[in-house]
Each structure stands twice: as structure tokens, then as C-alpha cells.
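2 protein chains.
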Amino acid sequence: MAPRKQQEIFDATLRLVAEKGYDGLTVEGVAERSGVNKTTIYRWWPSKAALLGAALVEADLLEFEPPDTGSLRGDLVALVEGIRRLLTEPPARDIAVAALGAAVRHPELDARRFFADRFARERQVFERAVRRGELKRSVDPMLVIDLLAGAVWVRAVFRGLPLTDDFANQAVSAVLGGVAT
Amino acid sequence: MAPRKQQEIFDATLRLVAEKGYDGLTVEGVAERSGVNKTTIYRWWPSKAALLGAALVEADLLEFEPPDTGSLRGDLVALVEGIRRLLTEPPARDIAVAALGAAVRHPELDARRFFADRFARERQVFERAVRRGELKRSVDPMLVIDLLAGAVWVRAVFRGLPLTDDFANQAVSAVLGGVAT
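Taken in order, these protein sequences are the chains called A and B.
With this note's numbering applied, the first sequence covers 68 to 248.
With this note's numbering applied, the second sequence covers 68 to 248.
Any given hint could be a false lead.
As the list claims (entries may be wrong) - Below, a list of computed lysine-lysine pairs in the DSS-like style, where the Cα atoms sit at most 25 Å apart: (1) Lys87(B) with Lys87(A); (2) Lys87(B) with Lys72(B); (3) Lys87(A) with Lys72(A); (4) Lys87(B) with Lys105(B); (5) Lys105(A) with Lys72(A); (6) Lys203(A) with Lys203(B).
As the list claims (entries may be wrong) - Partial selection, computed: residues in chain B whose CB lies under 7 Å from chain A: (7) Ala69; (8) Pro70; (9) Lys72; (10) Arg100; (11) Val206; (12) Val211; (13) Leu214; (14) Gly217; (15) Arg226; (16) Ala247; (17) Thr248.
In short, the hints are calculated from the structure, not lab data.
Glycine included, C-beta positions come from ideal geometry on N, C-alpha and C.
Here chain A stands alone, though its shape is the one from the complex (with noise of 0.2 Å):
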């Protein structure tokens, strides 16, 4: 399939994920918005599921970029950014807790990838740092991660709170130089 077709089917995946829900999600849906034939997009997904679960990955709209700021300190504020406006700014924001939350309950919905692909990305941030010297060698990368963007989740997602401009700043304070006097 041409990449421009498979990036019109990824949109209308995304955007009906993000107004209708996983449950008000169908291939039909997709079909009719992307104008592309429903029989044509099961050949290349067999299921709703493994069409979100690609799209989540592969589609322009959710495009990830790991940061290069030069510290360990910038690239970690600027994922904890990224994750923020990806759990917080309209359109992302809505596809991303749509697709998320259904994932708990449908495991067919597989997020393991959304999250294998992003961390397989965000290992060249501790790559670098370790180079530089910046991180404890003891320090396994996929914690710094999960402590950062489930922090973000469960600060905007779970407690409906804003997120202030300093709070990438401070996680990320709190995580490189600890709590502890």
C-alpha cells in the first residue's frame, strides 16, 4: 500500500479512536473516512485491534522524535514535555487516553508496542548520558522512564489535575538528584 494511503487510514484510525472510543471504533468507520475499501484494509490489518495497534506506532500524528539537547537534563525535561502534551493537547490527548485506556481492558489492543517502539528510541538518551557520565551505572533507563511518564499519567490523567510549566522541571529534578537530604 502507498505510505500516503496508509497515513490517510492511520488519521481516520486515530481521530475516530479519539471521538468515539475503542468500542465505537469499527474498520467500516475507518473505511468510510479514509475512502479506502474496507475488504482492502483487513487485508493489511485483520482486526480493529491491530489496526489502532499500528497506527498508535507508525502514524505521522504520533510522530516521536527522541530529543538531543546535549545533557542528560534537557532530553529528559523534553520527553517529560512531550509526554505531557501527548496526555494533555487535543488531538493527541484524546487518541492517546482512548487507545490507553482501552488497552486495560482489551489486551488484544496491544500498548506493549506503543511502548516497546517509543523506549527502543529512548534508549539513545541514556546512551549518551552514559557516555558523558551523567547516569548512575546502576540505573536501569526503562525505570527513569516509567517514573517520568507515569507520573505525568497519573497527575493529569488519573487526578484530572493541570500540569503546571515547571512540572517537567521539577520530575525531572526529583529523579536526577533525588529527594532524599
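Assemble the complex: chain A is given as a structure, and chain B must be docked to it using the hints.
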């Protein structure tokens, strides 16, 4: 309503949401399982969202007692262990994941009350730590909770990865001591 009867209703509510998800939860189902008349339940809780919201905070099944081990490190490890059990061990796991996953799509099911109630009790851990001089004064206790609770949620629920026995220690060490060299 007698406290014991109320706990039977909450218990039925939480077990039903774990089994059938939020969409499958009905006040009729709770009435049937708890042996309490439907109209009696509606008199106390006007909707299934209100009933589940109350059950999450008030049910003995999800009882939460903040730890008091004598040190901030000990208390935080115990808190993370408690969150790990809540999100990975049945029946709590199925209740918490179904209810919190549903709260994302159904704002009328107020997850904020669950988090606010827990945080009101977690605060004392940080108040004692400040008195013992263990916590930097600039640190926001809610940020510490959100980092740690968020990491458990991302790792266990979104990534679907097992939490090692050492996860709580590693996460608490990272947040207390920092990951920067």
C-alpha cells in the same frame, strides 16, 4: 444503612466490576449479588458511577493503611509494595485495573476521589520524613507519590511486564538518591 450491609454492597460492586468490567456493572447486578433491594441501593447511591466511586474509597476489600516503618525509605518501599499488590494480585488487580481504566473514559466515575483519599493518608509519611529531616524541603510529596505509583502502573499495566522482587527498592532508591552521577 448498617455498616455490614454497606460492605456487602461494596464487595458485590467491586467483584462485579472485576468480573464484567465497568460496562457490565449494573446496580441490578449488585442488588442481586448482595441481596439488597435495588431501590434501597439507588436511595444511597444515585448511579453505578457513584456506587463504584464510594466502593473504591470505602470498601474493606481495598483498605489502605499508610505504613509507619520509622524511615522514609521503609515507608516508601512499603507504599510501592502496596501499589504493586493492588495492580498485580487478584482480586485487587482486576478491580483496580477495570475501575481506573474505566475512569479514563467515564469522567462521571470519579477516580480523583480515590487518589485524593489515598493522598490525604499518604501525606503523614512525608510529614514524619520532614520532621526527621529526611526529605528536601523543596520537594512536593504528591510528586513523589506520582513518580512511584506511575512507574508501577506503566510497568505492570501498560508494558505488561512482571515486577521483579527488587522493583520497589530500585524505584525508591532512584527517587530518594537520584539517578545522576
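Going through the hints against the structure:
1. A distance of roughly 21 Å separates the Cα atoms of Lys87(B) and Lys87(A); the hinted pair therefore holds under the 25 Å criterion.
2. Simply put, Lys87(B) and Lys72(B) have alpha-carbon atoms about 22 Å apart, close enough for the 25 Å limit, and the pair holds.
3. As the CA atoms of Lys87(A) and Lys72(A) are separated by approximately 22 Å, the hinted pair is consistent with the 25 Å bound.
4. This hinted pair checks out: Lys87(B) and Lys105(B) have alpha carbons roughly 19 Å apart, not beyond 25 Å.
5. For the proposed pair Lys105(A) and Lys72(A), the alpha carbon gap of about 13 Å is at most 25 Å, so the pair holds.
6. This hinted pair checks out: Lys203(A) and Lys203(B) have alpha carbons roughly 21 Å apart, not beyond 25 Å.
7. Violation of the interface hint for Ala69(B) is found here, the shortest Cβ-Cβ separation to chain A being roughly 32 Å, above the 7 Å cut-off.
8. With 7 Å as the threshold, the beta carbon of Pro70(B) stays out of range of chain A, its nearest partner Cβ sitting at about 28 Å, so the hint is violated.
9. Evaluation of the Lys72(B) hint against chain A yields a violated restraint, the C-beta minimum of about 30 Å exceeding 7 Å.
10. Interface hint status for Arg100(B): violated, as the beta-carbon distance to the closest one in chain A is roughly 21 Å, over 7 Å.
11. The criterion of a C-beta within 7 Å of any C-beta in chain A is met by Val206(B), whose closest approach is roughly 4 Å, and the hint holds.
12. With 7 Å as the threshold, the beta carbon of Val211(B) comes within range of chain A, its nearest partner Cβ sitting at about 6 Å, so the hint holds.
13. Among the interface hints, the one on Leu214(B) holds; its C-beta lies about 5 Å from the nearest C-beta in chain A, closer than the 7 Å criterion.
14. Checking Gly217(B) against chain A by beta carbon gives a least distance of about 2 Å; that is within 7 Å, so the hint holds.
15. A cut of 7 Å between beta carbons decides the hint on Arg226(B): the least distance to chain A is about 5 Å, and the hint holds.
16. Nearest Cβ of chain A to the Cβ of Ala247(B): about 4 Å, under the 7 Å cut. The hint holds.
17. A distance limit of 7 Å between C-beta atoms decides the matter here; for Thr248(B) the minimum to chain A is near 6 Å, and the interface restraint holds.
Checked against the numbered hints listed earlier, the structure breaks hints 7, 8, 9, 10; every other hint is satisfied.
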